[in-house]
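Asker: The whole structure should be built from the sequences, with the hints applied where relevant.
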Amino acid sequence: MGRILLILPTLWGAATLVFFAAHLAPGGPARSLLGEKATPEKLQEVVHSQGWDDPLLVQYGRFLWNTFLHFEFGKSYFSQREVSEELARCFPATVELATAALLTAAVLGVGLGTLASLKPGHVGDMTCTSVSTLGVSVPVFFLGLLLLLAFRNLPMGDRHDLALEVESITGLRIPDAALAGDWEAVRDAARHLLLPALTLATVPLAVIARMTRSTMVEVLQSDYIRTARAKGLHPARVVLVHALPNAAVPIITVVGLQFGYLLAGAVLTESIFNWPGLGRYLTEAVHNRDFHAVQGATLLTVSVFLLVNLAADIACLWLDPRLRKEFR
Amino acid sequence: MRRMQHHFSGGVGLALVTGFFLSVLLAGAMSPQDPYRQEMEEQLLPPSWEHLLGTDDLGRDLLSRVLHGARISCLIALVSVNTALILGVPWGLACGYFGGRIDLLAMRLIDVLLAFPSILLAILIMAALGPSLSNVMVAVGLVHVPLYARQVRASVLVVRDLDFVAASRAAGATPVRVLARTILPNVLSPIIVLATLGTGTAILEAAGLSFLGLGGEPDIPEWGNMLTTTRQYVRTHPWVSLAPGFAITLTVLGFNLLGDHLRDALDPRTRGRL
Chain A
1 MGRILLILPT
11 LWGAATLVFF
21 AAHLAPGGPA
31 RSLLGEKATP
41 EKLQEVVHSQ
51 GWDDPLLVQY
61 GRFLWNTFLH
71 FEFGKSYFSQ
81 REVSEELARC
91 FPATVELATA
101 ALLTAAVLGV
111 GLGTLASLKP
121 GHVGDMTCTS
131 VSTLGVSVPV
141 FFLGLLLLLA
151 FRNLPMGDRH
161 DLALEVESIT
171 GLRIPDAALA
181 GDWEAVRDAA
191 RHLLLPALTL
201 ATVPLAVIAR
211 MTRSTMVEVL
221 QSDYIRTARA
231 KGLHPARVVL
241 VHALPNAAVP
251 IITVVGLQFG
261 YLLAGAVLTE
271 SIFNWPGLGR
281 YLTEAVHNRD
291 FHAVQGATLL
301 TVSVFLLVNL
311 AADIACLWLD
321 PRLRKEFR
Chain B
1001 MRRMQHHFSG
1011 GVGLALVTGF
1021 FLSVLLAGAM
1031 SPQDPYRQEM
1041 EEQLLPPSWE
1051 HLLGTDDLGR
1061 DLLSRVLHGA
1071 RISCLIALVS
1081 VNTALILGVP
1091 WGLACGYFGG
1101 RIDLLAMRLI
1111 DVLLAFPSIL
1121 LAILIMAALG
1131 PSLSNVMVAV
1141 GLVHVPLYAR
1151 QVRASVLVVR
1161 DLDFVAASRA
1171 AGATPVRVLA
1181 RTILPNVLSP
1191 IIVLATLGTG
1201 TAILEAAGLS
1211 FLGLGGEPDI
1221 PEWGNMLTTT
1231 RQYVRTHPWV
1241 SLAPGFAITL
1251 TVLGFNLLGD
1261 HLRDALDPRT
1271 RGRL
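So the sequences go chain by chain: A and B.
Counting from 1, one number per residue, gives the positions in the first sequence under this note's numbering.
Counting from 1001, one number per residue, gives the positions in the second sequence under this note's numbering.
Quick caveat, the hints were computed from the structure, so don't treat them as lab data.
Fair warning: this is a prediction, and the values are worked out from it, not measured in the lab.
A couple of the hints might just be wrong.
Claimed, not checked - Over 10 Å on every C-beta distance to chain A, these chain B residues come out as not near it, computed from the model:
1) 1031
2) 1052
3) 1075
4) 1111
5) 1119
6) 1131
7) 1158
8) 1180
9) 1204
10) 1218
11) 1264
Said to hold, decoys possible - Derived list of chain B stretches under chain A, where covered just means 3 residues or more per stretch with a C-beta under 8 Å from a C-beta of chain A:
12) 1190-1199
13) 1207-1215
Positions of the beta carbon are idealized from the N, C-alpha and C atoms, including for glycine.
Answerer: What follows is the structure, given as structure tokens:
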């Protein structure tokens, strides 16, 4: 319960930071929006229309009010549409990408880490460790380009073939196409998703594999594992049923933390693959210096990150009764 | 076996970092050409004896650009790591030593800052400052401040109540003197490790921001910038992406390996085993 309450001041802090960042801009938000050559009249008009001539505290109060009670961030200066509507449009694309990447990273990471932990110091373990060291050093954007080079028959970018239209129900392309029963569109969407998801998954995969390996090495040395082996249980059963659940807590925590990396990495990945999600929206907003859009996209990302970590914490509590005691 | 592997990876790290600093120092002498010179007849040439890494879409020699890119990355690392050190270390020292309500407040602020994925915070700062290479350096530095502050604070808490600190205080040293002369030298090794690992991260994050087009002028031979301006050629003329991409990867890998090695070598708990 305490953890859930702690999220609120953090969100408030993040909102405050996001608000004042816009006012840190040299010459204020209107000047940076219109550029150096803006006429004083035009400047005045924009300042007035955006409410930037009110006292800072009034603006701050209004910002918090609109953000937390109405989930509104104001109008985008460039498109003249509500930022919250635009965010609702591009958020599902990022969710689809991040979910695909997280699933890939978690499944492969836990799998490889477990395999490496079975024989510590063995060739397989060494390979796993070296690959994961390399994995965290390769920049996401270079990795994306390398994958584009390696898989030449997969599309260069975009979310789907423009010729294939399906009705948007969930906003997630693959489920939508499947619901419509259009298997060609499902295949097309999967082909478009594959490289961005792989690109985004690599760093979390490396981190998760490392964490799994070190936790599993420890768990496999414990007495109850020796007991389980002595009972003559099948080795696979010992590892999967007796060891892995006991190593789950640190692994789940790290998976939750990696989701933040995924959201951040999505900014770069979406830029490489021209993926119409939150990250690309944010990048464009920064280029246009469209502050309402920047504020909305940043706050949405941070909130999702905080909520996912909260979910990971709750999952750990549920898995490990010892933590529950400590928590109270 | 582990020890050998460890020395090996530390050695690889040192070699890569040395290579990086050599190209920083010798970029002028080793570059076959001016990294900005465009030759319209020599666009997108594959690697050859004349152009060891090939040329890019504007006919510029890639080897020269990658070598000069090392200088820019070095500058980025210097500026951003020093920004983080200058702001983060005193912050952490003061919080850890004095404690109390200000410490609590400062730590809450750090929690908020760390709730942002780092590149997101950097982008937010870039949105405020506007796109340019010098702003990239400042943004990356500012993003790292909370990390340094938290690490330094944690280390200060360990030594704060030890006898030699009490002795220094009893001898009448002012808090600033105690912090600078007695405590700082004893928390230096985690700072060194953090700065080494932070150098790799800073280069990586700055390249990421440049890749998003926030690094200012597109003709600057910054590695992230080079990747983003030529990325449409990755399938047809892969060398234009491979050269700067491997330059970033190897540099970051070098600093990461060296940092890991330093951490184990400077940590008294593992020193005996090395």
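Asker: Each hint: holds or not?
Answerer: A quick look at each hint next to the structure:
no., hint, result
1, 1031, "holds, 22 Å"
2, 1052, "holds, 20 Å"
3, 1075, "holds, 18 Å"
4, 1111, "violated, 6 Å"
5, 1119, "violated, 5 Å"
6, 1131, "violated, 7 Å"
7, 1158, "holds, 23 Å"
8, 1180, "holds, 31 Å"
9, 1204, "violated, 6 Å"
10, 1218, "holds, 13 Å"
11, 1264, "holds, 14 Å"
12, 1190-1199, "violated (count 0)"
13, 1207-1215, "holds (count 6)"
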